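Note that the protein sequences, when read in sequence, are chains U and Y.
Quick note, the first sequence lines up with residues 299 to 511 if you use the working numbering.
Quick note, the second sequence lines up with residues 110 to 389 if you use the working numbering.
In case anyone wonders, no lab produced these hints; they're calculated from the structure.
As the structure is a computational prediction, the values presented were derived from the model and not from experiment.
Built from N, CA and C at the ideal position, the CB exists for glycine as well.
A hint or two may mislead.
[Stated by the list, open to error] EDC-like mimics (lysine to aspartate or glutamate), calculated; alpha carbons at most 20 Å apart, straight line:
no., chain 1, residue 1, chain 2, residue 2
1, U, Lys327, Y, Glu132
2, Y, Lys329, Y, Glu339
3, Y, Lys312, Y, Asp333
4, Y, Lys279, Y, Asp333
5, Y, Lys365, U, Asp425
6, Y, Lys160, U, Asp483
7, Y, Lys355, U, Asp425
8, Y, Lys156, U, Glu485
9, U, Lys465, U, Asp437
10, Y, Lys365, U, Asp424
11, Y, Lys160, Y, Asp182
12, Y, Lys156, U, Glu399
13, Y, Lys156, U, Glu390
[Said to hold, decoys possible] Quick look at which bits of chain Y chain U covers, simulated, 3 or more residues with Cβ under 8 Å:
no., segment
14, 153-160
15, 353-359
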Amino acid sequence: MDGHRAASLAPPVARLIEAFRKLPGVGPKSAQRLAYHLIRMPRAEAESLAEAILAVKDRIVLCQVCQNITESTPCPICSDQSRDRTRICVVEEPLDSMAIERTRSYDGLYHVLHGVISPVNGIGADDLKVRELLERLRDESVTEVILATNPNLEGEATAMYLQRLLKPLGIAVSRLARGLSSGADLEYADESTLAHALQGRTRSADQDASQSL
Amino acid sequence: MTTTRPRFYTTEAVVVRMSDLGEADRLLVLLTPGRGLMRATARSARKPGSKLGGHLDLLCHVSISISTGRGLDTVSQADTLEGFRGLRDDLGRLSRGLYLAELAERFAVEEAASHGPFRLLVDTLRTLEKLPADAADSLLRWYELRMLGQHGFAPQLQRCVDCESALEQKDHVYSAARGGIVCPNCRTRGDDPLLPAPVTVIKILRFLGRATWPEAIGLKVGDDDRRMVERVLRSHLHYVLDRDVKSTGFLDEVRKRLGVAEAAPEGDPPGDGARTGPQG
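Build the full structure now, drawing on both the sequences and the hints.
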């Protein structure tokens, strides 16, 4: 059926649809919509898009230090001498480091694993940038590693695995706090989230203030 | 003949596989008692404020409401029945829990009732949650034999699988391709790979095959015998499933490379009847 439809399309269009179908989260219908949108797009915009794709492939490398994607290595964050070089925040993907940067609450360094341990998919620690992290910790004067993997089972497995690996190095290892998100309803919270929220509860600000007086 | 599916239904399920889908959705593979293996999307489940996200993680035993449509089914509501926190807080138990779930998924088929395997998985996860490390491997072997038996692939352990003669009290060999123990007279027939099956290994396999789960976890086995029993059952599973069970890699890595010594179980000791274990 697909073959019959593809045969009736102009070959360049069919090729473009096939290329879009390979992108994550893009199904056959979305691929067709994107392709026909490109056909109607002004030539200058199409050329700009093509150049942007080629530039990413030609100029983007992995930072030798933190393994984040960058145009030059070391990346701007690893090169910035004003950042706290005693702390490394370990994240799953480059976008996770950007999310933490947006908070403006962290001025340490990062390490990007490029994935997460996923036993049922056959992805183990050797498929991630774990060896690079261990080498880095031997060389640098790091006193704390913050494990900022996602709070799901595979993220937890990865964090527990790293905790085990880092234990002999004598470096403090911490995890991001877990609990209720802003705007959430208690009645819809799952038992794990609620349990973590209770374990990580904090004193109210008034009480802290009265105790400090 | 076409079968009509209800527009909306509720079922128990265990999340056995999960992947990201689109901007913030999750694609779930669920083992259910009435419909076997099924796939469904959970919309916006990866967003921090999602009402579904926290309930739909791997190994969660949940009650879910499903809306059916032309495409993939959609999870409209989810409620955690058991989160198995004891598995999530310990790397050794977690690696074993994922192995149990993958094995259940490999055996299950879509749109076919799977009451026995579903109950076996839930009950075994519940038992594993509170089990000390030295008993966990016996539970895994017991589970493998139960899962093989439920699907009609139980190995032949009482007689020679070739000549059907009663096995003498001496060392034999094991053939996954032939489906069980092979006596010395028949070992040269065929060119399939054979594994050593000493008397102790055969006795352990027979015991686990007929034991209830409290009996199985009480079994004390030496390291060499434990490894040989595991090797025999892995080869059998590999032959039956025609592929490796991927999570064995992580299981072995955690056990051997990291030398994880699991935390002592909290609360009630296993097998004291405080909670319902797997049905032997």
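So, going through the hints one by one against the coordinates:
For the given pair, Lys327/U sits about 16 Å from Glu132/Y by alpha-carbon distance, which is consistent with the 20 Å threshold. With a CA separation close to 14 Å, the supplied pair Lys329/Y and Glu339/Y stays within the 20 Å bound. Taken as a hint, the Lys312/Y and Asp333/Y pair is honoured in the structure, with Cα atoms around 14 Å apart against an allowance of 20 Å. Between the alpha carbons of Lys279/Y and Asp333/Y the distance comes to roughly 17 Å, so the proposed pair stays at or under 20 Å and holds.
Straight-line distance between C-alpha atoms of Lys365/Y and Asp425/U comes to about 18 Å, which keeps the hinted pair within the 20 Å bound. Under the criterion of a C-alpha separation no larger than 20 Å, the hint pairing Lys160/Y with Asp483/U is consistent with the structure, at around 8 Å. Taking the CA atoms of Lys355/Y and Asp425/U, the gap is near 14 Å; set against the 20 Å cutoff, the hint holds. For a cut-off of 20 Å, the pair hint linking Lys156/Y to Glu485/U stands: about 17 Å separates their Cα positions.
Annotation: proposed proximity of Lys465/U to Asp437/U holds, straight-line Cα distance about 16 Å (limit 20 Å). With a C-alpha separation of about 15 Å, the suggested pairing of Lys365/Y with Asp424/U holds against the 20 Å cut-off. As the CA atoms of Lys160/Y and Asp182/Y are separated by approximately 18 Å, the hinted pair is consistent with the 20 Å bound. In summary, the hint linking Lys156/Y to Glu399/U is supported, as the alpha carbons are separated by about 19 Å, within the 20 Å threshold.
A hinted pair counts as satisfied when its Cα atoms are at most 20 Å apart, and Lys156/Y with Glu390/U qualifies at roughly 16 Å. Counting residues of the segment 153-160 of chain Y whose C-beta sits closer than 8 Å to any C-beta of chain U gives 3, which meets the bar of three, so the coverage hint holds. Only residues whose C-beta sits within less than 8 Å of a C-beta in chain U count toward coverage, and the segment 353-359 of chain Y has 4 of them, enough to reach three; the restraint holds.
Taken one by one, the earlier hints all hold for this structure without exception.
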